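**Student:** Chain by chain, the residues:
Number of protein chains: 4
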Amino acid sequence: MTQRWLSDLRGEIDTLNLDILRLLQRRAEVVLEIAAIKRRENLDSYEPSREEEMLRTLAAAPSGPFGADEIREIFRAIFHASLDIQNRERTRAMRTRQRGLVPPGGIRVRDVAVGAGQPVLFVGPCSVETPQQMDTIAAAIAALPGAKIFRAGAYKPRTNPYSFQGLREDGLQLLRATARRYGLPTVTEVLDTSTLDVVAEHADMLQVGARNMYNTELLKALGKVDKPVLLKRGFMATLDELLLSAEYILSNGNDAVVLCERGIRTFEPWTRNTLDLSAVALLKKETALPVIVDLSHALGRRDIMLPCARAALAVGADGLMLEVHDRPEHALSDGFQQLDLDEFSALVTGLGLAGATAPHPTAIRGPR
Amino acid sequence: MTQRWLSDLRGEIDTLNLDILRLLQRRAEVVLEIAAIKRRENLDSYEPSREEEMLRTLAAAPSGPFGADEIREIFRAIFHASLDIQNRERTRAMRTRQRGLVPPGGIRVRDVAVGAGQPVLFVGPCSVETPQQMDTIAAAIAALPGAKIFRAGAYKPRTNPYSFQGLREDGLQLLRATARRYGLPTVTEVLDTSTLDVVAEHADMLQVGARNMYNTELLKALGKVDKPVLLKRGFMATLDELLLSAEYILSNGNDAVVLCERGIRTFEPWTRNTLDLSAVALLKKETALPVIVDLSHALGRRDIMLPCARAALAVGADGLMLEVHDRPEHALSDGFQQLDLDEFSALVTGLGLAGATAPHPTAIRGPR
Amino acid sequence: MTQRWLSDLRGEIDTLNLDILRLLQRRAEVVLEIAAIKRRENLDSYEPSREEEMLRTLAAAPSGPFGADEIREIFRAIFHASLDIQNRERTRAMRTRQRGLVPPGGIRVRDVAVGAGQPVLFVGPCSVETPQQMDTIAAAIAALPGAKIFRAGAYKPRTNPYSFQGLREDGLQLLRATARRYGLPTVTEVLDTSTLDVVAEHADMLQVGARNMYNTELLKALGKVDKPVLLKRGFMATLDELLLSAEYILSNGNDAVVLCERGIRTFEPWTRNTLDLSAVALLKKETALPVIVDLSHALGRRDIMLPCARAALAVGADGLMLEVHDRPEHALSDGFQQLDLDEFSALVTGLGLAGATAPHPTAIRGPR
Amino acid sequence: MTQRWLSDLRGEIDTLNLDILRLLQRRAEVVLEIAAIKRRENLDSYEPSREEEMLRTLAAAPSGPFGADEIREIFRAIFHASLDIQNRERTRAMRTRQRGLVPPGGIRVRDVAVGAGQPVLFVGPCSVETPQQMDTIAAAIAALPGAKIFRAGAYKPRTNPYSFQGLREDGLQLLRATARRYGLPTVTEVLDTSTLDVVAEHADMLQVGARNMYNTELLKALGKVDKPVLLKRGFMATLDELLLSAEYILSNGNDAVVLCERGIRTFEPWTRNTLDLSAVALLKKETALPVIVDLSHALGRRDIMLPCARAALAVGADGLMLEVHDRPEHALSDGFQQLDLDEFSALVTGLGLAGATAPHPTAIRGPR
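Going down the list, the sequences are from chains D, Z, L and Y.
Numbers 362 to 729, taken from the working numbering, label the letters of the first sequence in order.
Numbers 362 to 729, taken from the working numbering, label the letters of the second sequence in order.
Numbers 362 to 729, taken from the working numbering, label the letters of the third sequence in order.
Numbers 362 to 729, taken from the working numbering, label the letters of the fourth sequence in order.
Just so you know, these hints were derived from the structure itself, not from any lab.
Being a predicted model, the structure only gives us computed values, none of them experimental.
Mixed in with the good hints, there may be bad ones.
For chains that are exact copies, the list does not tell them apart, and a pair is met inside one copy or across any two.
[To be verified] In the EDC-like style, the derived pairs of lysine to aspartate or glutamate whose C-alpha atoms are separated by at most 16 Å in a straight line are: (1) K588 x D558; (2) K585 x D616; (3) K645 x D601; (4) K646 x D664; (5) K581 x D616; (6) K588 x D616; (7) K588 x E562; (8) K581 x D558; (9) K399 x D369; (10) K645 x D664; (11) K585 x D558; (12) K585 x E562.
Between the sequences and the hints, there should be enough to build the whole structure, so can you do that?
**Tutor:** This is the structure:
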C-alpha cells in the first residue's frame, strides 16, 4: 500500500519537475532576449539590484513549505545559471580556449618543445653569478641527452632588501652568451613591466615568479610579448587563481603559456614548501597548457629529489625545473637546495632520461 | 524604446518567477508527504539514486537555452532545499538549541558562572607537578579578585611519548586538594573514555583538548556526565566542526558546554599558533554557548599577552585561559609560554580585572 | 699583502677553533659524569634553571665583540648538544629502531605482506552497509590479481553527530564473514580504547584514523595488541608528529606499524585535502616502516585518481588505499569519492597491477 | 656525598664555560678584523666554503663525547653568531631604524596623523565608480567626527581578467576632486611602476595591495616617492616578510610607511580570510611604524564587524580600514563585504569614535 502511495507521489513529482523545467527554459529565453538588448545598448549585463527586487517579490508571494531561505537558495541558483548562459560564455570560452590553443607540437622555446610528449628539464643555477660558473654548468647540462632549457636568474626577487639582487642586465647578457655557446634555449625571470623589454630582448622564455603571479599589470604586458611565458603558481594561490592569471596573458594575445607548480605554503617544516602533485593532475585535466614542476623550490632539499621527480613525471608533468650549481656551497643564493653537477647527472640517470630521445625529433627540432 | 522592451521582458520574467514558485511550493508539499510516509515506514529519507533518476529524466526533456549543467545546478538546489525542509529540521533544531540552552546565569562551575557577564580566568600551571608548586600558584590566584577556575593537567596528551605524561590519578587528587583549600573550582583534561570516570570524580569541569575535538566516542561519553565540559577547538578545525563536536555532547544530554578558541595552525612562525579572534565573534553569533580564549597555547609567548587579552575580551570572550607557574623555567612542560606569578598579577591589573566584582554576586555565587 | 693578512688571521681562527673544541670535549665529559650520577640517584637530567644560572654568569663575564644575544645563542647550542649526548640517546634509538624493526619480508596481514616490494591495495567501501553490498564488492576485489586487503568501516568517526555512525559490532562481524568467504585479510578503524578489544577480535589489522592520530591513550593500548596497525597521518599533523605517534605504538611493544598519508588541510578547494607525496619520500627515508597513500580521502574526487595513483607508486608508496563501492551514489557515507567497480578495475589495469604477481609468493603467502 | 660531587663537577663546568667564552670572544675579534679587511678590499663577507673547510678540520680532530653532529651544531652556532656581529649590523640597524624613524606626531597624510594616538578610519568604497556614488559616500564620511582618510580603488588588481578593472586615471581624478570638496585626504592603490607617477600625482597616500607585497621593484620605486605608503601584508606573508618589504621602501629613502594587517589565507571558510590580531601586537612590538587593520578584506562579511573592530583597537591598531558603499548591492566589486552608510554610522557609534575628538588637534591638524 505504502509503495503505491510512494510511487503515485513520485509520479506527481516527475510531472512537476518537467513543468518547472518548461517554465525555466522559457525564462531563460527571455533572459537571453534581455541580454541581447543590453549588449546592443552597451548596458551592464549584471544587475544585483534587480535580483534583490525579484527576491523581495518572491518572498511576498503566498507561503508554502519552502521558507524564505529555501526560495532564496533556489532562485539564486536560477539567477546564477542565467548569468552562466549570458556571461559565462566568456569563462567557458576561456577554458575551451585554454584547452584548445596549445599546438599539438607543444610550445616551442627555440628548438625545444614543451608539452609535446618528451619531458623537458628547466635547469641551471638559481642566479647568474660569474662567467666561469655559467660556463661550467652550461657545459655539463649540454653534455647530457634530452631536452633542456637553461635557467638562471638575472633579476632576483629577494625577500630581504640586503640579499643579493642579481646582476640584472649584465646577468642577462651573460646568460644569453653562455647559452648560445652551448646551443641551449634560455628562461629567466622578469620582475616588472619596467624591465620587461630588456628581459624579452635577451631571453627565449620569460618567467613569472611565484611572488608575481597576481601582478596583473605584468601579466597583461606579457600578453603582448612574442615570447613564451613560464607562469609559476603563487605559493598560496588556488588553481583557479593560477588559471585566471594565465588567462590575463592568453586573453592579451600570447598563447604560449607554460604553467609551473612549485609548492604551496603549509605548516609542514620538513620541506620548504609542500609539493602539490594533484595540482598537476588537475591542471592537465582543466587545460591543454603544459605543466612543469619546480622541485627545487617545492622541496628546498636535495635528498628526496629523485623519488619526487619520478612522481612528478608519473602524474603527468611535461617537465621539471631543477636548480643546479657547480659549487652549491658557494652559491650566492639558495645554495642548500641546488644540486651539484654529479647529483644532477645521477638524477637524470635515475629518471631514465639520460638515454631518452625526442619522440618526434623532426617535428619539434627543426631549424627556426 | 529599448527601455519599454526591457520593462516588458522583465514583466514576463516576474510572472514566470511566480509561476515557478507556485510549482515549487506544490512540489515541496508532495515531498513532505513522501517524507511522512517514509518516517512511518522507517525508510531512509535520503535517496541519491532517486535524484539521479530525476536528473536523467530532466536531461532527456526537450532542450532550451539551459543546458544539462545549468539544469543540474538548478535542480540540485531544489533537491537540496527539499532535503532542508525534511531533514535539516534537525540541524536547525541543533543550532536553535545551541542558542537557547544556556541559562541566563551562565554555566556554573561550582560557584563560578561562565558566560554570565563577568570574564572568568581559567588559570594555573600546564601540569600538576608538586604539592609546593600547586600550593604556591593556587594561593596567588586565590588572592586576586575576580572569577577564577583553577586549571592544571594530570593526564597530559604529549606529542612525544618520552615527554612527561602527567601524574595521572595522583595529579587529580593533588589538584582537588589544593583547589579545595583555596576555594577554587577546577578544570582538567580528560584524555579518554577509560579514564573519564576518575577524572569526573575529582574535577569540577572536564576539558576536551584540541587533539581530542574529533574524538567522538569521548564526546558522546561526556554527554552523559553531570559535569560542565570545556571543549577546545582543534588546531585545524573549522568552526562548523567545533559546533558539531559540541553537538555530540549536547545531544547526548549534557547542556553545560563552554567553547574554547586556542589558535589554529598556519604558516606564521612568530607565534605558536595563530590566534583567531573572529572565531569568537562568529561563535558568539551562532550559539549561546560561552566562549573563552586560551591565550597561552594560541600565542606560545608571553610578551604580547596583555594586548591580545584585551582584544579577546573586546571581541566578546567570556573568559581567558592562561598558564601560570611559580617558576616557569622549571616547569615540566611548556615553560616558555607560562606566565610567572608577577607577570600574571600585572596582566590582571592591566586588564582592569583586579578591581572587578561579580555583577550579580547573589545570583551566581550562592552556596551549592 | 691583504691575502697574507687574511691567511694569518685565518690561521689564528683555526687554532682557536681547535682550542675551543678541546674545551668543549672536556666539558662534555663532565656533563656525562653528572648524568651518570643523576641516573644513579634517580634525579631529573634536565634542569632549565641550571642553564639559566650559567647564562647569567656568562653574561656577567668581561665583554667582547659577542653581545649577550650571541653568547646565549652559542651556549644554547652547547647545552642542546649536551642534552643530545645524554638524553637523545632515546630519540636516536627511536629512529634507529623505527628504521630497523621491520622484517625484510614486510609486515604481514594474514597472508599479505605490506612493505615487501609488491604494492598492496587497501580497498573496499567507506562503510559496512549490507550483506549484499559487502559480498558484491568483496567478490570483485578478490577476482582481481595482486595483493589486497579488504577495508570497510564499522565504527565511523563522523563529524556530524546525525550522520550515519556505522553498524558497529554487527559491521565487524559482517566484514569478517565476507572477507573470510573470499580469502581477504581485513582492516577496519578502531575509535577508542573501549571498543579496542572487540575490533581486535574481528579484524586482521587495526586502523587509527586521522582524527585519532594524537589520541595517545589509544596509541598506547594498540602498542599492547598483537595485530598490525595502520596509522593515518592527521590532516593537520607534521611528519615529526606522525613518527612520534608511531613511536607510542612501537615503544609499547607492537612493531607492526604501517603509516598512511591521506592529505593535509590547506586552502586549495579543488581537492578535499592536499595530497602530500613528498611526505612519502621523507617517511621512507626516515623510517623503515611501510608507507601507503589513501587517495580517496586525500583527493575526494575520482577523476584524477589514476595519475595520482601512478605518482604515489612512483614516489615509493608500499600500497594504496581506495574506497570502492558497488553503487557509490547509494553509499551511506562519502559516495562522491568512492570508485564504482568498473572504475576500480580500470584503475588497477591502468596502474599495470592487474597482471602483477607477488614477487616472492612462497615467502610471503604461506599458510598461517 | 652525591651533592658534593655534583657541585664539584658543576664548578668545573662553570670554569670551562668561562674559558670557552674567553676563546670565543678572542675568535670574534679576529673575525671582525677579517671583516674589516674584506670590506676594504670589497670582498664578499660570507664564504660558505671556508665554513665547510673549518668543519672538516674540526671533524678530523681527536674525538670525545661530542660526535660530528654535535660539533657541527655548536660550530654552526658560532659561525652564525659571527655572521651576526659582522653583517647583521645591517639587520639590527634595520629594526632599530624601523623602531626609531616614525616621528612622535605620527605619519601625516595631509592634515591627518596616523599613529599619533587617535585611531584613523581609512574608509570609502572598494572602487571609484560614479560621481554620484563618490559624492554621497564622501559626504557621509565627512559628516562624522574623528580622523578619516578617503579610500577608493582606481586601479583594481582583480583575480579575474574579465572582472571590472577600475576607472584608472579617470578614477584618480574623480577621487581627488571628491575628496578635496569634503576636505578629506585620499589613499588609493598603485599596481605597478608604470603607473606610479600618475597615482602619486593624484593621491595623498599610496597603497600597496596584498598581492604586491613581494613586488620588490614597486617597493623600491615607492622608496623614492615623497608620499606616505600604506603597505598591506600579503595574505600568505609571514610578519618577517612584511617587515622586509617595508624595509625595501624605508631603505630607499621613504620613512612614511604604515603597515596593514588584512587577514591571512587559512582553511576556515566562514570568513574570507582569517583576521590575525596577534600580528598587530607583534608588529607594534617589533617596529614603531603605525599598524592598521583592514576589516573588510580580513572578514569578508559585515555581521561581525563591530566586535572585531573593537578587538582591533584593543590590541593596539592605529586605525581601521573599512569598505563603505552607498548601495553595496550595486557595487561593481566586493558588494557583499561593504557596509552601507547606516551600518557604517552605527559602527562608528558602536566603537565610541563618533564623539571622539583628536587628542592634540593643534599639533596634528595644522594647515599644510
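**Student:** Decide, hint by hint, whether the structure agrees.
**Tutor:** Against the structure, the hints come out as follows:
no. : hint        : result
1   : K588 x D558 : within (11 Å within a copy, 28 Å between copies)
2   : K585 x D616 : within (10 Å within a copy, 36 Å between copies)
3   : K645 x D601 : within (13 Å within a copy, 32 Å between copies)
4   : K646 x D664 : between (30 Å within a copy, 9 Å between copies)
5   : K581 x D616 : within (12 Å within a copy, 31 Å between copies)
6   : K588 x D616 : within (9 Å within a copy, 39 Å between copies)
7   : K588 x E562 : within (9 Å within a copy, 34 Å between copies)
8   : K581 x D558 : within (14 Å within a copy, 19 Å between copies)
9   : K399 x D369 : between (45 Å within a copy, 14 Å between copies)
10  : K645 x D664 : between (27 Å within a copy, 12 Å between copies)
11  : K585 x D558 : within (11 Å within a copy, 23 Å between copies)
12  : K585 x E562 : within (14 Å within a copy, 28 Å between copies)
In summary, this structure violates none of the numbered hints.
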